[in-house]
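Using the hints, position chain B against chain A.
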Amino acid sequence: MGKKMKGDKIFKNITFLFALSVLIMFSLLFYKLVADSSLTWQKLGLNFIIGEDWDPLNEEFGALPFIYGTLVTSTFALIISVVLSLGIAIFLTEIAPKSIREPISSIVELIAAIPSVIIGLWGIFVLAPFVRDYLQPLLSHFSFIPFFSGKTLTGLCMLTAILVLTFMITPIIATIAKDSLLMVPEDLKEAMYSLGARRYEVIRHVCIPYAKNGIFGGIVLGYGRAIGETMAVTMVIGNAYLISLSLLNPGYTMAAVIANEFTEATGDLYLSSLIAIGLLLLVLSIAVNLVGRMIIWKWQSQAKG
Amino acid sequence: MEMAITGKRLKDNLFTAYCIISLLIIIVPLVHIIGTTVYYGAQAINLEFFTALPKPPGEPGGGIANAIQGTLVLAALTMAISIPSAILAAIYLAEYGNSRFKELIRLLNDTFMGTPSIVAGIFGYALIVVNFGGFSAVAGAFALSILAVPMILRASEEALKLVPKDIREAGLSLGIEYWIVITRIVLRTAFPAIASGILLALARIMGETAPLLFTAFGNPNFANSIFEPISALPLIIFIYATSPYPDWHQKAWGAALVLMLLVLGINMLVKYKYKR
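In order, the protein sequence lines correspond to chains A and B.
Note that the numbering used here has the first sequence beginning at 1, numbered continuously upward.
Note that the numbering used here has the second sequence beginning at 1001, numbered continuously upward.
Keep in mind the hints are simulated off the structure, nothing from the lab.
Nothing here was measured: the structure is a model prediction, and the numbers come from that model.
Built from N, CA and C at the ideal position, the CB exists for glycine as well.
There are no misleading hints in this set.
Which residues of chain B face chain A? A partial, calculated answer using Cβ under 8 angstroms:
1. P1029
2. T1037
3. S1085
4. A1089
5. I1091
6. Y1092
7. L1108
8. D1110
9. S1117
10. V1119
11. F1123
12. A1126
13. L1213
14. T1242
15. A1252
16. V1263
Capping the alpha-carbon separation at 27 angstroms, the derived lysine-lysine pairs in BS3-like fashion look like this:
17. K298/A <-> K189/A
18. K1008/B <-> K212/A
19. K1273/B <-> K98/A
20. K1102/B <-> K32/A
21. K189/A <-> K1008/B
22. K1165/B <-> K1273/B
23. K1011/B <-> K212/A
24. K1102/B <-> K9/A
25. K98/A <-> K1011/B
26. K6/A <-> K1161/B
27. K1165/B <-> K6/A
According to the in silico footprint, chain A covers these stretches of chain B (three or more CB under 8 angstroms from chain A):
28. 1015 to 1026
29. 1174 to 1186
30. 1227 to 1239
31. 1253 to 1261
So here's chain B without its partners, still in its complex pose:
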C-alpha cells in the first residue's frame, strides 16, 4: 500500500516535471530571441540608421530609411485596400443575405486564412506585376491584402454579430433607414472589436516577407511613387541576414529590433487597450 502511494506520487511529480519542461523548451528560445535582437540590434541603431540610405557593403555608416519608408507605405496601402473591403463584406455576412451564399463566403474566407504567404506573393506577381507595369508598392500591398482581408473580415463579422438586436430595432423604430442604422450606430458599437482585428492584421502584415519578394521586390533608394519597387523592413532583414557581410548582419539585427518593437508594440496595444 505504502509503495503504491509513493509510486503514484512519483508519477504525479514526473508528470508535472514533463509539463514544466515542455513550457521551458518554448519560453527559453523566445526570451533568447528577444534578448539577442535587443542586444545586437541596439548596437546597430543610431540616428543615421533611421535617416540614411544603405551604403554598399564595407563602407561604414548608412541606414535603412528606405525600408522604414517602405514598411510604412506598404502598411498604409494595404490597410486602405483591406479595411473597407473587409468591413463591407462583413456587413453583408452579418446583416443581410441568404445563408447558403454566406456559408460559402465564410468557408472561402477561412480557407484564405490557410493560404501560405508565399502563394499570396505568386498571386500578386501573376495578377498585378505581370499585367500592370512590373514590381511596385501597389503589387506588394495587393499581396499583403490577401492575408489581411480574411483576418479583418472575420473579426468584423463576429463583432457585428455581438451588437444586440435591440440597438438595430431602436434605430429602425425611429424611422432611420437600415443602412444608416448599420453605418452610424451598429458599426460604432462594434468598433473596439473591429479595431483590435485591424491592428492584429496590421501587425501580421508588417512582419511578412514572403508576399513581398516578387511584388514589392525591394529598392536601395526611396520609392518616389507607389508604382515603383519599394523596400521593407522584413525584406532587408532577409537580404542582409543571408549576405556574407558582417556589416550587413549587424544592420539586419538593427532592422529586426525596429520591426520587433513595431509588431510587438501593436500586439501589446491590442492586448491592453482592446481587451477582447
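Next up, chain A with everything else stripped away, as it sits in the complex:
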C-alpha cells in the first residue's frame, strides 16, 4: 500500500509543477519586460508615453505615434465590425434557413484560421491598390471630414489597416454574438410573434436586449485582438511616424514598430524603448481581455440561471 501511495504522490507533484509553471512563466514574462525596459522608464518616465517624436538616430523616443495608431485603427475597425457582426449573427440565428446555418458559420469561422501574414500579403497586393484606385476617389467627395482629407499614392495607409483588422475581428465578434443570441429562450420570441410582431421587431425588442451583455463581451474580446494584431497591420499601414487625423495617411502601430525595428535596434535605450512599447501593449491587451472575459462569464452564469 505504501508503495502505491508513493507513485500517486510523485505523479501529483509532477502535475503540480507544470501547473505552477504557468504562474512562473507569467511572472517571468512581466519581470522580463519590466526589467528590460527599465532604462526607458528611468530616463524618460511619462514623457515616453506622451512624446510625439520617435527619432532613433537622435536618441529621441516618444511612443505616442504608435499608441495613437493602435487606438485609431483598432477603434475604427471595431465600430465597423460591430455593425457587420450583428448582421451576420442575426442572419445565422434568425433569418437563414436552418440547413445553411451550420455551413455558413463554418465559413465565417474559417477566416479566423487564415494566418495573418497571408491576409497581409493580400492586403499589400490586392486591398491597398483597391483602396487607392476605388475607395479613395469615392471618399474624396467627403474630404471636408478630416478623416478623409489626405491622399494616398500607394494605398498603404491607416484605412487599409482598418479594413484588414475589420475583416480579422468580425468572425470573433460574430461567433460570440451568435452564441449569445442562441441562448435567447424560444418562448420569449414565440410570445412576441403571437402578438403579430414582425421579425425585425422581435429581434430588436427581444433578442438583442436579452443577449446584449454576451454580445458586449464579444465586442471587448474583438477589441483585444485588434490591439495586438501584428503582421497584417505591419504590412499595410505604411509605417510612418505620423499622428494624423486623415485615415488616408500612413501610420504606425505599437505591434508594427516592434516587428520592424527590434532586430535593427542599436543602442540600449532604443531596445529598451521597444520593449517598453511591448510592455504597454501587453498591459493594454490583458486588461481588455480580462474585462471581456469577465463580462461573458457573468452573463453566461446569469443566462443559465
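Relative to chain A, chain B alone:
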C-alpha cells in the same frame, strides 16, 4: 392600416438585406484571398520550389526548401515542448489541487491567450536568445509554445472534466493506483478532444510570424541544428512580400499557398475527424 403593414414589411426586408450584406462583406474577401492565393501561388509552384534553396533576387529558379524545413522543425519542437507541459498541467487542474490555486492558474492561462504574439517574441528574445547563444530554432519554439500551451491546456482540461466519474471509480475499485487510472484510462477516453485541441494549436502556430522575427530569425540555408537560426514559411512570406522584387513577390504567393493548404488542411481534419 394597409400603409402600416407595408411599412413594416419594408422595414423587415431592409433588415434582412442589411444582414445579408454584412455577411457578404466578410465572405467576398475570404473567397478572394483564397482565390488569389491559389491563382498566383500555383504559378510559383513546381518541383524545384519544394526542393531548392532560395536564389538571390533576379536569378531565376530557386525554392523555399529551407522555409519548409523550418516550419516542420519549429512545429515539431513546439509540440514537443507544449503537449506534455499543457497536458500535465491540465491533469492537475482537472484531477487534483485546491480550488483557489486552480482558479488562479486558469485565470493566468486565459490571460496568456490574450497575449499579443509579438510580445511572445520579445519574451523569447529576452529569455532565450540573450541568455543561450543567439537566434535559434529552440528560441523560436519557445516563443511559439507561449501561444500553444494555453490553447492545449484549456482544451485538455475541458476534455478531462467531461470524462464520467464512474470510469475513475471503476478503475480505483479494481485497486489500480489513481495516477495509472488517469494516464491509462481517463486520458485515453479524453483523447479525441485533446487531439483536436492539439491540432488547432498546431495550425495556429504554423501560421505565426511575429514570435519568430527575433527568435528563429530566418536563415537563407538549411539549419544544421536546432541551435542555429532557422527559416519558416510565414517568415519568408513577410520578407518576400515587403521586398521590391516581383520575382520574390511570386515566391511569397507560392509559400502562402503551401502554408494555407497546411493550416486549412489541419483545420478541416479537426472539423471532420474530431467533431466537437
